[in-house]
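Produce the complete structure using the sequences and hints provided.
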Amino acid sequence: MTATAQGTAAGSRSATYSAVTLAQILGQHSPTDEQIEVIEAPMRPGAIVAGAGSGKTETMAARVVWLVANGFVEPGKVLGLTFTRKAASELSSRIRDRLRTLAMSTAGRIEPDEAWLQTEPTVLTYDAYARRLVTEHGLRLGVEPSTGLADAGTLWLLAYQVVSASDAGLEALDVTLRTVVGWMQQLGDELLSHVRSLEDLDDYCEQNATHLESLPKKLGKSTGKLTDETLKVARALRSRQLLIPLLKEFARAKAEREVMSFGDVMKVGCELVEKFPDIGDVERGRYDAVLLDEYQDTSHAQARFLSRLYAGHPITAVGDPCQAIYAFRGASDDTLASFGHVFGVGEAVTTHQLSMSFRNQESILGLANGVSAPLRERGAEVAQLTAPSGTADGAVSVAFYDDVYAEADAVAARAEQLRTADEAAGTSSSVAVLCRARSQFTPMIKALQAREVPYEVVGLSGLISVPEVADIVAVLRVLDQPDASADLLRILTGPRVRLGSRDLDRLAKLAGRLSGRRADSAREGATDTPVESDDVDERSIVEALDSIGDAPTDWFSTDGHQRLTRLAGELRMLRGSLALPLGDLVTLVERTINLDVEVAVRDRRRGAQPGAQLDAFVSVATGFSSDAGTNSLSAFVRYLHAAEEEDRGLALAGVETRSDAVQILTVHAAKGLEWDVVFVPGLVTKKFPASPDPVEGWLTAPKMLPYALRGDVRAQPGIDITGCVDEVEFKEERARYKDAVADKSALEERRLFYVAATRARSQLHLSGGTWDEALKPRAPSEFLIESKELGPSIGATTPVWADEPAPDARNPLHADDHAEQWPPQRPLGHFDRLEAAAAHVRALTDCVHPGPSQGGADEGAPPDERADQMLRDTELLLTDRRARRTATDIEIPMPQRLSASQMVALHTDATQFALDIRRPLPRGPQRSASRGTAFHAWLEQRFGSRALLDLDDLPGSGDEDVMLDESYDDLIAAFERSEWADRQPHEVEVPFDISIGGTPVRGRLDAVFACPPGGRYDYDVIDWKTGRRPVGEQLAHAEVQLAVYRIAWARVAGVPVERVSAGFHYVADGTTHRPQSLLREDELADLLSADPAS
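Mapping the sequence shown onto full-length UniProt numbering, position 207 (from 1) lands on 207, and the numbers just tick up by one.
Everything labelled a hint here was simulated from the structure, so no lab data went into it. Even for Gly, the Cβ is constructed at its ideal location relative to N, Cα and C. Treat the hints with care, as some may be off.
[As the list claims (entries may be wrong)] Subject to a maximum C-alpha distance of 25 Å in a straight line, what follows is the list of computed BS3-like cross-link-like pairs (lysine-lysine):
id, residue 1, residue 2
1, K671, K744
2, K225, K671
3, K744, K218
4, K86, K671
5, K275, K248
6, K86, K446
7, K686, K788
8, K671, K686
9, K217, K232
10, K254, K232
11, K776, K788
12, K744, K731
13, K744, K686
14, K731, K232
15, K776, K232
16, K232, K738
17, K217, K738
18, K776, K686
19, K218, K686
20, K738, K686
21, K254, K275
22, K788, K225
23, K217, K731
24, K686, K446
[Said to hold, decoys possible] Pair by pair, the computed Cβ-Cβ distance ranges are:
id, residue 1, residue 2, range
25, D743, A568, 49 to 59 Å
26, R575, D550, 28 to 38 Å
27, E729, A809, 29 to 39 Å
28, D739, E213, 20 to 30 Å
29, Y1017, K248, 25 to 35 Å
30, D993, P812, 40 to 50 Å
31, P1013, V345, 32 to 42 Å
32, D200, T179, 19 to 29 Å
33, E229, D554, 50 to 60 Å
The following block contains the structure:
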């Protein structure tokens, strides 16, 4: 079979190798007819509509190989852009692997020259590519090359500082400071995404607000008084104008600190390529073929930036209109459809389809096609998905339960059954629970905990929902805010303190008594000026707890007073530790309230990684401190509050599917991922699909950019405010516009449901529940009903479908017979055993680490069914305590997860490693770590990458014993003189999470360089060191880190470990150390399993 590539620099010519022939040479499956059309497409602008699971990454890689093999392009003249570093790495690895195999398999038939051997495609994220151009050309617009990229935490803190310092009359907004920060950030981001200026916004708001304020009630009548609904729209326009000075100050603050957001980078990129056309000439000369992945998710600014560079050039966009779910960050549902108009330059653009799904089994595909049918009817040019012959049937279930707790328990029960079946069969299934909103996480978490099923909550906003993390956040708020009474109540009524209702009432009265004293004091100190009620702040129970010593001795029960006194002492101790780094402060809180022990016992009992959620939260605190450049607890607490309020934002990066725990995340966060089994709960009215938020779009929401200013204005609901001659006409225009907003929102929700359904490989479980915390019952959503109706045609089952409640039914979750007794009563029959065990624990632990008593004559205990488990936990803790006190050797369980640096510590001194794990100490400031952090940040900018750093990945963390006097500038100068200055890395800052000898090991690779084909190695992993080169045993111990890194990259790249070399580059010395031999994987496994005493 022979194909033809048209539009090449040399003109039209025939291809030597077909897509099928190359697949045979490479040992790949033969491509489908649709894939062949894509792979052998002419060299001109084209679009590929790739359905979910249709193998687009593999097809894109095959396209590049076909172009290279037939001599149409050189590998180094191919550019691939995608959204995530994971996707970029996957595409890059596939292309490189195919080209390497091709070069080795076709010797004698294809004779690549030396240049061919030395080059490889450039695959970057959209943002990294824009940053590279801004770094290279930004000086033309006054942007310094040293300007850094700020993360979400840094930007939020800077925005908060700007707003809190402003005197711009913000009281007129009548909202909280945090709300203003959120409004300002979102409005600023949308302005950047659509390349609009503050002047554009001000002019639009002024024109439309003035028109509304001057509208007559009815044409021909006197102006009269406008309705509140009309004035509400005018006020929203004026509110945006109040945000403009804040946005100017925010931009100035970023410039002062020499940082930019992603949006800033893209806007500057647009300005550069539009003002300086020669940049486009350079880029088109650099790349002969361009691939755009997930194009439907690009913002207007990104599409505009790329079109100025590559319109009319051989460029291929790949995407799926049915998965366009990121309108909230500037993307449009018509982006792919308008590709031809943007990039075609007058000529017709060919659109190809990839409709065969290699992910989903038959029943899941049937459901996906059914629910996406309305999208196709409304113009989405996407073919129905099909499956290869021989694909298994799969399983879909559709259920509706009495309430959300029954629904959550059914999900947990099914997850438990899957885990049991996997253990019996020796297999492992990946499982996810995909929720429309974070508020749905809590019932799922509780149900999985009750059945002791391991789980992971993905994303910061969801992480805060985890009970043990919520406890820590409550303590942090109490430490920071004297009015955090609700958070203190969580602590007081929780399982650790269990304060009784009488003692709580007394504490509240103590707060009132203290407030009265303050008022009396204020009056006594006054002259003839009356004391206003607002001048005397009411004391909160937080302050009352701190003054517990002032209370009469007979106010509280004996146990209650003891617990309050101890808790007050702990909080005072923690307040004295607020100077600690945030990560260390969180760890100290965790230990002070004994969460580390309690969670470890619970997690080990259910076979989960001990303290995984706590570890994740410590990483969040550490990352915030590092990225925002502050240890301020107040700033961190405010940041967490913003994360709680935003379901889709401030999420943790780098989501990876796993099979050792059920993953709980939002549907938005699940985009691009897949699992064997997927649960989608909460499919009820006004939840999923959700109602438009806000219901009138931008019209009454000051945080949103008016649709008329968006780059995709033609795809948005329109409203002509200035065309309305009176308020009656405006009311009619507004009603029409509101209906259009609701219709567009419904389509967005349907695309979101389609994404959720197509994440499942073999099983998809859809459900809802009649009752939640609302007063009125929920009905099954249209998505759940449609899925049920599709059941007979796709083989879906309906295990449960609750009856519709009576019209006058009351929420049973609120009924008295479902209310829990508070405080909970002790279970009879276990009283003596529990009291004796608790007394024994207190006797053993009080002298070591004082903590609130768990007993008390008038206090409650857990329900009867939990008492046996509490007793077993207590006995386990006692056994562990005795073992720790009597052992002559330090024996601790190996951590369930290690970092590469911990592997080095274990190899260096196992006994000290055990001590550090048993009782880690806060880290003091290290000059080398600060210097290393700054240097690594510079390297990230130089190589066009930015990544979050884990605590153990902190640059310079391995250099603490080899301090240098070299300054930051000296290190940069030394690097520029090194052998690495002129080399472009294949990958930088690559996170990994692998298993060695059954122990998970995580870390991050500084840089990976590709080696020329034909040599001993394919890749060279380099770790940058800013300290002096160690010698002797110290160097030998450090080499353990390289052994881990070599294995990690071999796993990531899918190559034999023997094809990977690794070394340290000591920047100050200008030397690179590559050990002659490194530990093998079995030797590292032996290290992990060895007896520390040996």
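Each hint tested on the structure:
no., hint, verdict
1, K671 with K744, "holds, 20 Å"
2, K225 with K671, "violated, 49 Å"
3, K744 with K218, "violated, 31 Å"
4, K86 with K671, "holds, 13 Å"
5, K275 with K248, "holds, 23 Å"
6, K86 with K446, "violated, 32 Å"
7, K686 with K788, "holds, 19 Å"
8, K671 with K686, "holds, 22 Å"
9, K217 with K232, "holds, 15 Å"
10, K254 with K232, "violated, 32 Å"
11, K776 with K788, "holds, 23 Å"
12, K744 with K731, "holds, 20 Å"
13, K744 with K686, "holds, 15 Å"
14, K731 with K232, "holds, 12 Å"
15, K776 with K232, "violated, 29 Å"
16, K232 with K738, "holds, 15 Å"
17, K217 with K738, "holds, 20 Å"
18, K776 with K686, "holds, 12 Å"
19, K218 with K686, "violated, 36 Å"
20, K738 with K686, "holds, 17 Å"
21, K254 with K275, "holds, 23 Å"
22, K788 with K225, "violated, 51 Å"
23, K217 with K731, "holds, 10 Å"
24, K686 with K446, "holds, 23 Å"
25, D743 with A568: 49 to 59 Å, "holds, 57 Å"
26, R575 with D550: 28 to 38 Å, "violated, 18 Å"
27, E729 with A809: 29 to 39 Å, "violated, 44 Å"
28, D739 with E213: 20 to 30 Å, "holds, 25 Å"
29, Y1017 with K248: 25 to 35 Å, "violated, 53 Å"
30, D993 with P812: 40 to 50 Å, "holds, 43 Å"
31, P1013 with V345: 32 to 42 Å, "holds, 37 Å"
32, D200 with T179: 19 to 29 Å, "holds, 24 Å"
33, E229 with D554: 50 to 60 Å, "holds, 59 Å"
Violation of the numbered hints given earlier is confined to hints 2, 3, 6, 10, 15, 19, 22, 26, 27, 29; the remaining hints are satisfied by the structure.
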